[in-house]
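Visitor: This is what each chain is made of:
There are 2 protein chains.
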Amino acid sequence: MQLKDIGEFGFIQRFATKYDSLIKQGDMGIGDDCAVLSISDTENHVITTDLLVEDVHFLKSEISAFELGHKSLAVNLSDIAAMGAQPLYSFLSVGIPKNTPVEFLDSFMEGYHHLSEKYSVPLMGGDTTKSPDKLVINVAVVGRCKKDETHLRSMAEANDIICVTGPLGDSGAGLKVMLEQLERNDINNQLVKRHHWPEPRIDEGRWLAQQKGVHAMMDISDGISSDLKHILKASGKAAAIQTDILPISLEMNKQASVYNWNRIELAAAGGEDYELLVTIQGDKYDAISQQFLKAFNKPLHPIGRITEGESSIRWFNESEEIHPDKIGFEHFK
Amino acid sequence: MQLKDIGEFGFIQRFATKYDSLIKQGDMGIGDDCAVLSISDTENHVITTDLLVEDVHFLKSEISAFELGHKSLAVNLSDIAAMGAQPLYSFLSVGIPKNTPVEFLDSFMEGYHHLSEKYSVPLMGGDTTKSPDKLVINVAVVGRCKKDETHLRSMAEANDIICVTGPLGDSGAGLKVMLEQLERNDINNQLVKRHHWPEPRIDEGRWLAQQKGVHAMMDISDGISSDLKHILKASGKAAAIQTDILPISLEMNKQASVYNWNRIELAAAGGEDYELLVTIQGDKYDAISQQFLKAFNKPLHPIGRITEGESSIRWFNESEEIHPDKIGFEHFK
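Each protein sequence line maps, in turn, to chains X and C.
The opening position of the first sequence corresponds to residue 841 in the numbering used here, with each subsequent residue numbered one higher.
The opening position of the second sequence corresponds to residue 841 in the numbering used here, with each subsequent residue numbered one higher.
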């Protein structure tokens, strides 16, 4: 039996529960965007880590070193945002092929520093070593939040409105442009840019975490069709998604017509959107949504509703139920 | 210019100082075994991370999966020990070639769990992804210690006695046995085992950290000829090392005669000993050394003395000064 037969989550399930007895009261381990470590009666540290490997997560021929440095930190800050936390510190390990030009590394570190500075997150340590052929990058980030503002995947409740903080599918469309070697016109370049330059929703995450009525939060890395299931499983709930109101950018909409892309599939399962996926108590939704618009000058997009049931998503086009074939992916499948 | 031209430390120096202005008062970033993060008026978190790449740090044909899992955590716990801290949490990222047998991964995770349990350090999170061809492992560990028991490389003072917590060079000798494909008799196997199964000196580190008179501490990963220089640079001091009293195991001593190895070179620059390197105030040394022997049933080995001067080591054989050629290595040279 090989890893590809059991998948990433199957592998994690083989050992995760062995640590339950070692985990201290008030702490939380594997299973959310970040681990939760109690540091006082009122505050938590939250920690996340992400590994990026050349030719699996990025192609050096496509992404610039500056963008790669930015993205390596951004995908971790996105996990911190998903807890409602403030990022505090980062740690960077790099495995570097011997013939890597110093200019590439300098530019990578400049992209990393650019985002570090934006959110005042100092790089506090790490490891630098050689790698036989592929560039390897591991980032870990520590954040901090009040205990009563720490938002978990398990907090969704029936009748919550499910929302996202921005359009879905641009990043997946950008990946398509690269993989299918489509013409690099302005619009396609913008989609590729959305894939290479995710903006972590730190400010939105902090703001949402402080609103009474905001329940579960997570970030969208694999696509809502896959990510929402984690919320449903952790909360013991089901969901109904309205595909007709999934937020889609003008750019993606236009290119979907040109190339005959399936908009719903890209929006639901394209992956790497790094927007926040949030569930909000039904009777608080209108007020929070209006205040969000004022605070950020952009809308919070409702996409469906949490229901009673067992971890499954039902998909609707207006009132008609549909059965999409593609429902996200795991890294090993 | 390529990375091999400037080396690992040269690369780190190009960006490390850019973060100085972002680092909060009381915290400490790049430059010690761990970063130091203040979590209250009296306590610090300390964090370390290490990246291990197949064919750079280990050969799958030589180390068992169980040993590799143990070692991946052990080298990080050793950094925690070097600060005088108690390890609290670990995080594990693995990049896995697609055809890796699940049995290998299970055994790897068992070795990791074995050491986690020994020191009650739960695995709290991480990342699992595929890798094109090499197994990639990144571990991060969080520890905790009182502020007045946090030991830095910068704390060495003139006339401190320099000590180590165990014999030096066994691990380097074990590596030699593998690389030179020497006969696998009992003694050589023991040396190889010392390379594959480092024991982090957590208990020794905690104990030493609590003794008044213990100053600088770090762990020995590259060999004292290289590691001691970090203490000297951070403390603005020099050192005199007595090569005639470097602690050498019976096994290494015996095989050095058989294979005509240079004992001093192996002990000073073999690397991966993962013993602690400690400097102790001269007038407190005798008492601490005697109490250490009682507490751990093994001696603390004195190897030299801190002196005034500029970051350099002078080497002596009894009263005669010597000039060893080999003085450690950096990963890129």
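Be a bit skeptical, because a hint or two may be false.
Lysine-lysine pairs mimicking DSSO-like chemistry, simulated, CA-CA at most 27 Å apart [stated by the list, open to error]:
| # | chain 1 | residue 1 | chain 2 | residue 2 |
| --- | --- | --- | --- | --- |
| 1 | X | K987 | C | K864 |
| 2 | C | K958 | C | K1138 |
| 3 | C | K938 | X | K844 |
| 4 | C | K974 | X | K900 |
| 5 | C | K858 | X | K938 |
| 6 | C | K1138 | X | K974 |
| 7 | C | K1069 | X | K938 |
| 8 | X | K844 | C | K974 |
| 9 | X | K1073 | C | K864 |
| 10 | C | K1033 | C | K858 |
| 11 | C | K938 | X | K970 |
| 12 | X | K970 | C | K1138 |
| 13 | C | K987 | X | K970 |
| 14 | C | K858 | X | K900 |
| 15 | X | K1069 | X | K858 |
| 16 | C | K958 | X | K958 |
| 17 | X | K900 | X | K844 |
| 18 | X | K858 | C | K938 |
| 19 | C | K864 | X | K970 |
| 20 | C | K938 | X | K986 |
| 21 | X | K864 | C | K987 |
| 22 | C | K970 | X | K844 |
Hints are computed from structural coordinates only; laboratory data are not their basis.
Visitor: Now tell me if each hint is right for this structure.
Guide: Outcome of the hint check:
1. X:K987 - C:K864: The hint holds at about 22 Å.
2. C:K958 - C:K1138: holds (20 Å)
3. C:K938 - X:K844: Judged against 27 Å, a Cα distance of about 6 Å means the pair holds.
4. C:K974 - X:K900: holds (18 Å)
5. C:K858 - X:K938: Judged against 27 Å, a Cα distance of about 25 Å means the pair holds.
6. C:K1138 - X:K974: It is violated: about 44 Å lies between the C-alpha atoms, which goes past 27 Å.
7. C:K1069 - X:K938: Holds - the C-alpha atoms of X:K938 and C:K1069 are around 25 Å apart, at most 27 Å.
8. X:K844 - C:K974: Roughly 16 Å separates the two Cα atoms, so the pair holds.
9. X:K1073 - C:K864: The hint is violated at about 39 Å.
10. C:K1033 - C:K858: violated (41 Å)
11. C:K938 - X:K970: It holds: about 22 Å lies between the C-alpha atoms, which stays within 27 Å.
12. X:K970 - C:K1138: Not OK: X:K970 and C:K1138 at ~36 Å, beyond 27 Å, violated.
13. C:K987 - X:K970: violated (34 Å)
14. C:K858 - X:K900: Holds, because 25 Å separates the two Cα atoms, which is no more than 27 Å.
15. X:K1069 - X:K858: holds (24 Å)
16. C:K958 - X:K958: Not satisfied, since the Cα-Cα distance of roughly 41 Å exceeds 27 Å.
17. X:K900 - X:K844: Distance of about 25 Å is within 27 Å: holds.
18. X:K858 - C:K938: Cα-Cα ~25 Å, so holds.
19. C:K864 - X:K970: violated (31 Å)
20. C:K938 - X:K986: violated (40 Å)
21. X:K864 - C:K987: Status holds; Cα separation ~22 Å.
22. C:K970 - X:K844: holds (9 Å)
Violated hints, listed in ascending order, are 6, 9, 10, 12, 13, 16, 19 and 20; each of the other numbered hints is respected by the structure.
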